[in-house]
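Undergrad: Spelled out from the first residue to the last, the chains are:
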Amino acid sequence: MDKNIKILIVDDFTTMRKVIRNLLKSVGYENIIEAEDGAIALRTLKNNEVDFIISDWNMPNMSGLELLKAVRADSELSKTPFLMVTAEALQDNVIAAVKAGVSNYIVKPFTAEVLNTKIEKILETL
Amino acid sequence: MDVRFINAFLDATENVLKTMAFVEPKPGKPYLKKDNVAKGDISGIIGLTGDLKGSLGLSFSEGCIVKIVSNMLGESMSGIDNDVKDAVGEITNMISGVARKKLEADGLNITAAIPTVVAGKSHSIVHVLGGPSIIIPFEIEEGPFVVDFCLDNAPS
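Taken in sequence, the protein lines are chains A and B.
The first sequence runs 7 to 132 under the numbering used here.
The second sequence runs 395 to 550 under the numbering used here.
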């Protein structure tokens, strides 16, 4: 599995970005950039070749779901794998994310091993 | 009080802190709290609506939260700073999420608001419903913390 992929972490909580970055590093991913919300993430995606997006669901300005829809609607970004991070797996949210084209979702809290498995499963389908 | 709520918040607290901060807090006996003075030095509080209405708070002693956030971030924290405040909000959010998922299995659909964080000695936790609230005390080696919740049909 390619550990050199560039991963974008999108979360409005600084600490959660650090936590996810640390978890990713612990399983071998080092090429990581960050954005504080969906709107900043979209600008970051336009200026960087990102291979994988890990985004929180609940954020101000532009939510994870809105970011997902924007990514899928953009011809240059639409194929980018998108892992949604949620604090809960409410059925309505999951359905909305699947309809919008999410690659998979992960419920907080999670371990590095669970995160790594989610990423690898998504990458295997590409 | 409904034991389902206590169990949901107790299990969620243990799960989140064990998974994210690698600590195993020891729970104490729940009790009723009638004032709104926080038990700790920093607190996160989140409003709940839906089939249950009210609020959930977490209040940490400084030593306890410094240890928890240091473990979460993989770096040594020296006291309550912006990173710690940010982490308390996220921990509150996660514990609320896990507990709500457990309660959803009992047919209770609950929505949460954005958490707020307050710090300082003897600060207040003002619950949406006013109180009284139920306290679930916990302890780790570095200090105590409590789960402090007040729901529309919690106290009996």
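Warning: the hint list may mix true and false statements.
To be verified - Dumping the calculated SDA-like pairs for lysine to any residue here, alpha-carbon to alpha-carbon at most 20 Å:
#, chain 1, residue 1, chain 2, residue 2
1, B, K461, A, T117
2, A, K85, A, F116
3, B, K495, A, K85
4, B, K496, A, I112
5, A, K31, B, K495
6, B, K495, A, N64
7, B, K496, A, F116
8, B, K496, A, N99
9, B, K412, A, L29
Everything labelled a hint here was simulated from the structure, so no lab data went into it.
Undergrad: Decide if the proposed pair is consistent with the structure: K31(A) and K495(B), CA atoms, cutoff 20 Å inclusive.
TA: Violated, at roughly 29 Å.
Undergrad: Holds or violated: K496(B) with F116(A), Cα cutoff 20 Å?
TA: 16 Å, holds
Undergrad: Has the given pair, K496(B) with I112(A), been kept, meaning a C-alpha gap of at most 20 Å?
TA: 16 Å, holds
Undergrad: For the pair supplied as a hint, K461(B) and T117(A), is the alpha-carbon distance within the 20 Å limit?
TA: Holds. K461(B) to T117(A) sits at ~18 Å (cutoff 20 Å).
Undergrad: Keeping to a limit of 20 Å between CA atoms, is the pair of K495(B) and N64(A) held or broken?
TA: 16 Å, holds
Undergrad: Under the criterion that the straight-line Cα-Cα distance not exceed 20 Å, is the pair K496(B), N99(A) satisfied?
TA: 16 Å, holds
Undergrad: With the threshold set at 20 Å, check whether the alpha-carbon distance from K412(B) to L29(A) stays at or below it.
TA: 15 Å, holds
Undergrad: Does the structure keep K85(A) and F116(A) at a Cα separation of 20 Å or less?
TA: 25 Å, violated
Undergrad: So if I understand the rule, the pair passes when the alpha-carbon distance is 20 Å or less; does K495(B) with K85(A) pass?
TA: 31 Å, violated
In summary, the structure is inconsistent with hints 2, 3, 5 from the numbered list given earlier, while agreeing with the others.
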